[in-house]
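A.B. asks: Here are the chains, one letter per residue:
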Amino acid sequence: MGKFIFKRLLIAVVMLFMVSSIVFLIVNLMPGDPVLLMLGTDSSPDPASVESLRQQLGLNKPLWTQYYDWMFQLLQGNLGMSYSEHIPVVQSIASRLSRTLELAGLSMILACLIGLPLGVYSALRRGKLADFLTTITASLGISIPVYVLGYIFIIFFSLDVFKLGFSMPSGGYMDVSRSFSGHVIRLILPSLTLALGLAASIMRMTRSSMLEALSNESVHALRAKGLSEWNVIFRHVVRNAFIPVITVIGLQMGNLIGGTVLCENVFNWPGLSTLLVKAINQRDYPLIQGCILVMSTVFILTNLVVDIIYGLLDPRAR
Amino acid sequence: MDTMKQCMKNKKFVFSAVILIPVLFIAVFGPMLVPNDPIAINPSIAFASASSQYPFGTDEFGRCILSRLLAGIRPSMLVAFIGTLGSFTVGSLLGVVSGYTGGKTGNIIMRAVELILCFPPILLAMMIVCLWGAGVRNLVIVVAILYTPHFARIAYSSTLKVRKMEYVESEISIGASTLRVLGKTIFSNVFSPLIIQISLTISSAILLESGLSFLGLGVQPPEPSLGQMIGDARGFLSLDVMYTVWPSLFLSLTILATNLMGDALRDVLDPKLRDSF
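Chains X and D supply the protein sequences, listed in that same order. Each residue of the first sequence is one higher than the last, beginning at 1 in the working numbering. Each residue of the second sequence is one higher than the last, beginning at 1 in the working numbering.
Rather than coming from a laboratory, the hints here were simulated on the basis of the structure. For each residue, glycine too, the CB sits at the ideal point set by N, CA and C. There may be inaccurate statements among the hints.
As the list claims (entries may be wrong) - Here are some chain X residues the structure puts well away from chain D; computed CB gaps all over 10 Å:
| # | residue |
| --- | --- |
| 1 | H86 |
| 2 | W230 |
| 3 | H236 |
| 4 | I246 |
| 5 | M253 |
| 6 | V306 |
| 7 | D314 |
Said to hold, decoys possible - Restraint ranges, calculated between C-beta atoms of paired labels, are given here:
| # | chain 1 | residue 1 | chain 2 | residue 2 | range |
| --- | --- | --- | --- | --- | --- |
| 8 | D | E60 | X | S167 | 22 to 28 Å |
| 9 | X | Q66 | D | L253 | 47 to 53 Å |
| 10 | D | I19 | X | F166 | 32 to 38 Å |
Full structure from sequences and hints, please.
C.D. replies: Here it is in structure tokens:
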């Protein structure tokens, strides 16, 4: 087991190194001179100041020296200065990372709470009306884009077009220190929006994996042994069925991060993704680099955790 | 022919075909079907309500919403289909070749391709769009790059499996050329998992394209696209709900139909997985 975890850790480290190198390369190949961008493009800047700024930023050095310097700084936790905000990139990411993680984490939990029981239920009622309805809903759930779902929620619950008698805030963020209820109420719609799509894929996988586990011959043996149906399903079948679902949850991490990018935009959630989109529009390269690096790191680390959990549960995977 | 019959019996297949055929028709002939010019700006009639001339009303620039919907499907489909075709070609070739060569070389090729999977897809897409600029042509390249590893993996593992089969070995032993073994025997065996992957990739690609266009990083105005229309409409949600609803409905239905097509193909082509999604 220790060997398995060590191997996974090693792979994750190699992946992190590769990802940061690719991000460095892509960002440094981008067209446009960052120095001209920093000095403002409206007037033609004085060549001497362009040259001194270039020197100051180390942009006159060859690419591999820049790469070496950048990697050296990165390992010390320094991601450079943001061009547009004039503060260290680490600082502007740090304040927003927790908000994105809060949104994504809560959505993941909600998605499991919705998807797993529905998948089990639907498999047990296979071919019945309840199964039909849940599978149709799940097909809809994986097809409707996150932002469309977000607008559906806003139309129903914020604009209150159907006169439900209440109205939720359609977006924004409030710090817990200001008002706890204000914080939670602004979290509900975005996290539900993100959760439903995920719940649908978790439900589909749980259902098919349950059906497979149910068709296993050992189930007959368990029943023949005289175990109650409850015992057969929940102590034996479900335990086997949930193992492949964990892989799906891992695979959905990429979609979850993609989902936060869109969802934060719909609900004006001031997380990493809104920062990234802003950075892209302002061509703030260090900030773009930082955001993508941090989000990819989160992605790789969550996948590492999922891999290790999978290995713990299924000895064959080690 | 047998496969076709099975397809026609599958309800999901029929349902998705009923939606997808008109959608593809609109994608091809959309610009000829539009009642009005989809990009002609006329601020004096902004947010006009539905009328015989503007069946779905007009947007904030007085452009006909229906015309924009009809014209906006084409870029999404173009990106999804050509991009998927690209990733299918490159991915399955790389996969089959590295599976057939096997050993270290094959492994190295696969590892290199899988580097793409270290990134969440939309982030890599945003980075590439940043580098090359937005627009349909670059989105096609983005889709082709992003989904290459999926095809490569499937082709690689299936080829490795088939490669060891006795009938392939016997074919090699009687002197069949490498090209013949690859092209005829192996490719026909890995074809059905690849077909299923194609339909999955098309729906992911539509989602990706519309997501990027929604953020303003995809199809660039004045050319319309469904995702971009939803993004444009966001400021006017309380003013004109239908402006958001129409493109959302078109987009969601198209993706639903593609997903169901994938499910149906999996039912038909891979009977082991039947009824299990």
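A.B. asks: Hint by hint, note whether the structure agrees.
C.D. replies: Hint check:
1. The non-interface label for H86(X) is consistent with chain D: the shortest C-beta to C-beta separation is roughly 21 Å, beyond 10 Å.
2. A cut-off of 10 Å between C-beta atoms confirms that W230(X) is not in contact with chain D; the least separation is 24 Å.
3. Taking the minimum C-beta to C-beta distance to chain D, about 19 Å, the non-interface status of H236(X) holds against the 10 Å cut.
4. The beta carbon of I246(X) sits about 17 Å from the closest Cβ of chain D, which is more than 10 Å, so the claim that it is off the interface holds.
5. The non-interface label for M253(X) is inconsistent with chain D: the shortest C-beta to C-beta separation is roughly 8 Å, within 10 Å.
6. Interface exclusion of V306(X) from chain D stands, the closest Cβ pair being 14 Å apart, more than 10 Å.
7. Under the 10 Å C-beta cut-off, the non-interface status given to D314(X) relative to chain D holds; the minimum distance is some 19 Å.
8. For the pair E60(D) and S167(X), the beta carbons lie near 24 Å from each other, so the given range of 22 to 28 Å is met.
9. At about 48 Å, the CB distance of Q66(X) to L253(D) agrees with the hint of 47 to 53 Å.
10. Between I19(D) and F166(X) the C-beta distance comes to about 35 Å, which sits within the given range of 32 to 38 Å.
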